[in-house]
Every structure is written in structure tokens, then in C-alpha cells.
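Undergrad: Single-letter residue listing:
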Amino acid sequence: MGTLVEEIFSRKLRKEVKAGEIVIADVDYMLTHDNTTPLAIKAWNDIAKPIKDKSKLIIVFDHAYPAPNVIAAMAQQKILEFIKEQNIPNFLRKGICHQVLIEEGFVVPGRIIIGADSHTNTYGALGCFSAGFGSTELGVAWVTGKTWFKVPHTVHVKLTGKTQRGVFAKDIMIYVAGKLGMNGATYKSLEFSGDYIENLPMHERIVFSNMSTELGAKCGLIASDKTTISYLENHTKAQGPFHEIKPINPNYEKEVEIDVSKIIPQVSCHPTVDNVKPLNELEGMQIDQVFIGTCTNGRYEDLEIAAKILKGRKVSRFTRTIITPASQAIHEKAEQNGLVKIFNEAGCTVTATGCGACIGRHGGVLAPGDKAFTTMNRNFIGRMGSAEAEIYLGSPASAAATAIEGKVADPRKYMTGEEQ
Amino acid sequence: MSKVWKFNNNVNTDEIIPGRFNITIIPEELAKNVFCEVSPDFAKNVQKGDVIVAGENFGCGSSREHAPIAIKASGTKCIIAQSFARIFFRNCINIGLPLLECKEVYEEINENDNVEVNIETGVLKNNTSGKEYQAQPVPSFVLKIAQAGGIIPFLREHEVEELQ
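Quick note, the sequences are listed as chains A and B, same order.
Just so you know, we're using the numbering used here here: the first sequence kicks off at 23 and counts up by one.
Just so you know, we're using the numbering used here here: the second sequence kicks off at 5 and counts up by one.
Excised from the complex, chain A in its bound form (with noise of 0.2 Å):
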């Protein structure tokens, strides 16, 4: 009986659990990356005890993989080091860590995962419990197996409705985050639900649940469904049984019910995500830099939409157009079916998978001055390197059209109708 979070902890904990209490439970995965497995060594080695069950952390390159510089090759090979002495099983080079814990098959609806990266909530689309922590937590959960949880109050988000044509989740997403705006679900469940979300595919799913942390969340839930059971059969190595997760009769905190289909292409302008305007009050303004990719957009039906608009087309001349993979997989089916040459002839730059352009250190780094528009989660100050620099936060397809013109750009004029 509960919210979707309570459901969730009370199954694990075999307890009817409530929002407010605090409980310790068991993790069933462990993740830190290239940029935050350091601090989580340290603190293990501070502790001096061994890792009850080593095969549940997972450690993956891509922040900063391949390393652009010497410290963060020294920091890589200090992990090395660690997971050869430690010996490691789960040690992945294959992409940016949310997309591939989900194709690896470590998310499942009903776990609990906890990630040293503040993006760990993207698995709450799958009904898996996830959440972003610290470090040192995390070399602490490696000794204990577990980790102290305050079931959060629940903020639920009710979507219904059929969106327009060039409509995507990112652009109702961006809507959410001015409507609640980037403290409106901090330390709470953000639960989404309604006929919009029920009739949503996974990749377009997991952008409202990558999100939910820039709007403070806990995590950001999805109820596990027929969807979700054929998206793991079929897309992952998950092994069944898989379940439907769904609310009990549920008390939220608070609940917010939106219309999607009065929804036009939204854009989170510079320097907050809830700076949020329609596309067409920005259109015709330059733009310096695209940046298609990360673990909200780096999908291949992101790609394919992007692919769909740029084929035959030439990007702007001054507009850099990058555009990065979310895994290695997403980047081999996007060379077996023509996207890469699509994208190359168009004049993009495609990279190797991972990070890239979205933690300012490689890949694309920004100058002052510059505005980028790109389909990451957020769009801080600095966040792309210079801190004079402006980042604007939209979908795919909008993000496509901008590199076209070089300027912002309505992506439905370059849409037929058969795209999505």
C-alpha cells in the first residue's frame, strides 16, 4: 500500500514502509565511474575492512575515458590498480554508465540501486529505485552492503494527453522543470504517471526519470509495466522474472496534472533548467555549438530523429555539431544503419561514446562567449568549460534543426509527420 517509492522499499524490506522513515536496506548494485571511484577507494581504505560481495559494485569508464590528460590517466590507473587487486567483475568501458547498466541488465524494477553520480536516477523509469550519492557513501555501502534511505514524500506528476508533432519527452520534461521549478521535488519521489507516460517507449521514458534530479528529486519513478518487461526482454541482458511495480493507493505530498498536448518545443535557457521558454520565442538566435548525446538524449532513436532531419542537409558552417553516443552499442547500430554516414556527410563531428561534451573537460569543450544548444540535463554555469559561456537545454530533434541553421530552429519544419 502506498506511493510508488513505498511500494518499492516495502517490498524489499518484506515491511509495510512509509514516507519519513528512515530504514536501512540492502543495495543490489554499487556504482561510482571514472571521476568518482577515487574518493570512494579512499574511503574504503579509511575503513580497513573488506567488500562483503564484490560483485555488486560496478565501476565504469566515461567521464573522462579515454583520459584527456595526465591526472585523469593517473586517476584511471590508480582504479586499475584497485580493480585488479580487488578483483572486480563488473568493470565496464562500453559507454556512459546509465545507459549501459541498463543494457547490461543490472536494472530491474524493484531494485535498489546507488550510483556516486547524480544522474543514478535514470533507472526510475524502469521501476528500479535508484539514487545519486556520494563517494564516500559508496565505499561504504562496498563494505556494508547497504545504506541508510529516508523514504521520501512523493510529488506526483500526472501527464495525459497526445503530443503535437515535433513534441518529444524532452520537451515536456523541460515544461515540468519551469512548472515545479529546480527546487520543486528536492529530497522527494517524483512519481509520473497518466495516459501520456502508459503510452510512452522506454527511451523516450527514461528522459523524465534522468531528469527528476534537476528538480532536487530523490528519485523519479516509473511504474513498471507491460513496456517495460518487453523493453528488458528484448533491448538488455536482464534476466526475469520481471514485475509490475505499481502505486496502492497512494497518498502524495502533492500532485501536479498537465496536459502535454497543448505542449510546443520547449527550451531551458541559460543558466537554469527551469529558465524555461517555447522554442519560438528563441528562434534566430546564434548558435556557436549542437551537442547531441549524454545519458538523456544519447539514444538511438535520439539519433534517428536527429538523422532523420539532417539527412541530406548540410549543418551551419560555424555551428560546431557534435554528436556523441550514448554507448558503444547505440553507436554500432547507428554505423550498421546508416546514421554515422548521414551525420558525417552533413558535416557533424561524431565521437566515441561516453560523457563527453557535458562535463567541460574534452569532447567539445566550450569558449567564452559561445552558446550551445545540446540535449544534456543541465546547463550550469561553466558546465561546458568556459564560464562565460551559455547553454541551452532542448530535444533531439530541436537540437537538429538549430545545427541546420546555425541559429535556434523549430524542428517541425523539418518534419514530415512520419518521424515519430
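There could be a bad hint or two in this list.
Unchecked claim - Ranges between beta-carbon positions, derived for each pair:
hint: 1; chain 1: A; residue 1: TYR209; chain 2: B; residue 2: GLU124; range: 42 to 52 Å
hint: 2; chain 1: B; residue 1: ALA47; chain 2: A; residue 2: HIS292; range: 39 to 49 Å
hint: 3; chain 1: A; residue 1: GLY42; chain 2: B; residue 2: GLU165; range: 16 to 26 Å
Unchecked claim - With a straight-line Cα cutoff of 25 Å, these simulated SDA-like cross-link-like pairs (lysine to any residue) come out:
hint: 4; chain 1: A; residue 1: LYS71; chain 2: B; residue 2: GLU105
hint: 5; chain 1: B; residue 1: LYS48; chain 2: A; residue 2: SER408
hint: 6; chain 1: A; residue 1: LYS201; chain 2: B; residue 2: ASN13
hint: 7; chain 1: A; residue 1: LYS64; chain 2: B; residue 2: ASN37
hint: 8; chain 1: A; residue 1: LYS37; chain 2: B; residue 2: SER144
hint: 9; chain 1: A; residue 1: LYS168; chain 2: A; residue 2: GLY24
hint: 10; chain 1: A; residue 1: LYS393; chain 2: B; residue 2: SER43
Keep in mind that the hints were calculated from the coordinates and are not lab data.
In this text, a Cβ means the ideal position worked out from N, Cα and C, and glycines have one as well.
Use these hints to put chain B onto chain A, whose structure you have.
TA: Just chain B now, kept in the frame of chain A:
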């Protein structure tokens, strides 16, 4: 006596320590660049025992522990904000950087005021204005971790279940 450094709402982890400096985990190195873009004088002039006063949602953004570590290593005694972002809140507890939540402090205290803060009781006295404030009481399990000096010293002596 502590000097107040005042920040606004929604101070994010990139503002506390930009990503490009997170290539080290040496606290003193991180402290050299803390707030370098939003408050360039902070790292140069902060004194041991100074406090940070901020508005809502302090520490939002990345899970990077580099952010609270940089603040702690700068000598900052504690942060008093209207609210904290959740990962930042946990990180501070875990590394032993004290936090207090209080609405009025942000509204009424100015940069450079002299204050006295008692972390155990949550009482803050503003010597500049003479006014006293009571921050929200800290949950008991948080105090247990804080009294041990962070989660790691706590776990050396105890089991995780003892937090409950």
C-alpha cells in the same frame, strides 16, 4: 567568532567547484579553487571558523563530493542555509561538515556579520545585530555520525544498524 560569507539561492556544485578542478581529491588543492567563479575572493580571504549563509537548495547539481570537501578544507566551520540539495546534504554529514537549516538567518544576516554558532544546539547568535536564532534540530542519527566525525570514523567503531 565567525565571519559570515553570504550566498544566494540554488548555489550549485559547479559554482562551488567547477568540474575542471575535480581532477584531484587532495582537499587543500580543491580549497584553492572553491567558489572561484561566483566569489573569487572567498578562497583567498576565508578564515578558519568562518561560516556560510545561503538561501534555498544549497549544493544542488552533481553528486561530486569534491564540493563539500573543498568547503570543509577552506576552513569553513558550517553552512547555514534555508534548505540543502539532498546529495550535498548527505555528503556533508558523511564527511563531517556541519549543516544547519534555518529560514530567518538568510533573510536577516548580512555578509561580514560576526556570529557564534553552536552546532549541537543549533543556536546561532549574531554579534553584529545582537539577535539570536534557533535552527531546525538535527536528526539523532545525523548527530551520531557527526559526533563520530563522519561516517567512516563511525563505522570503525559501530555497525551501520546502530544508526537506526
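Undergrad: List, from low to high, the hint numbers that the structure doesn't satisfy.
TA: 1, 2 and 4
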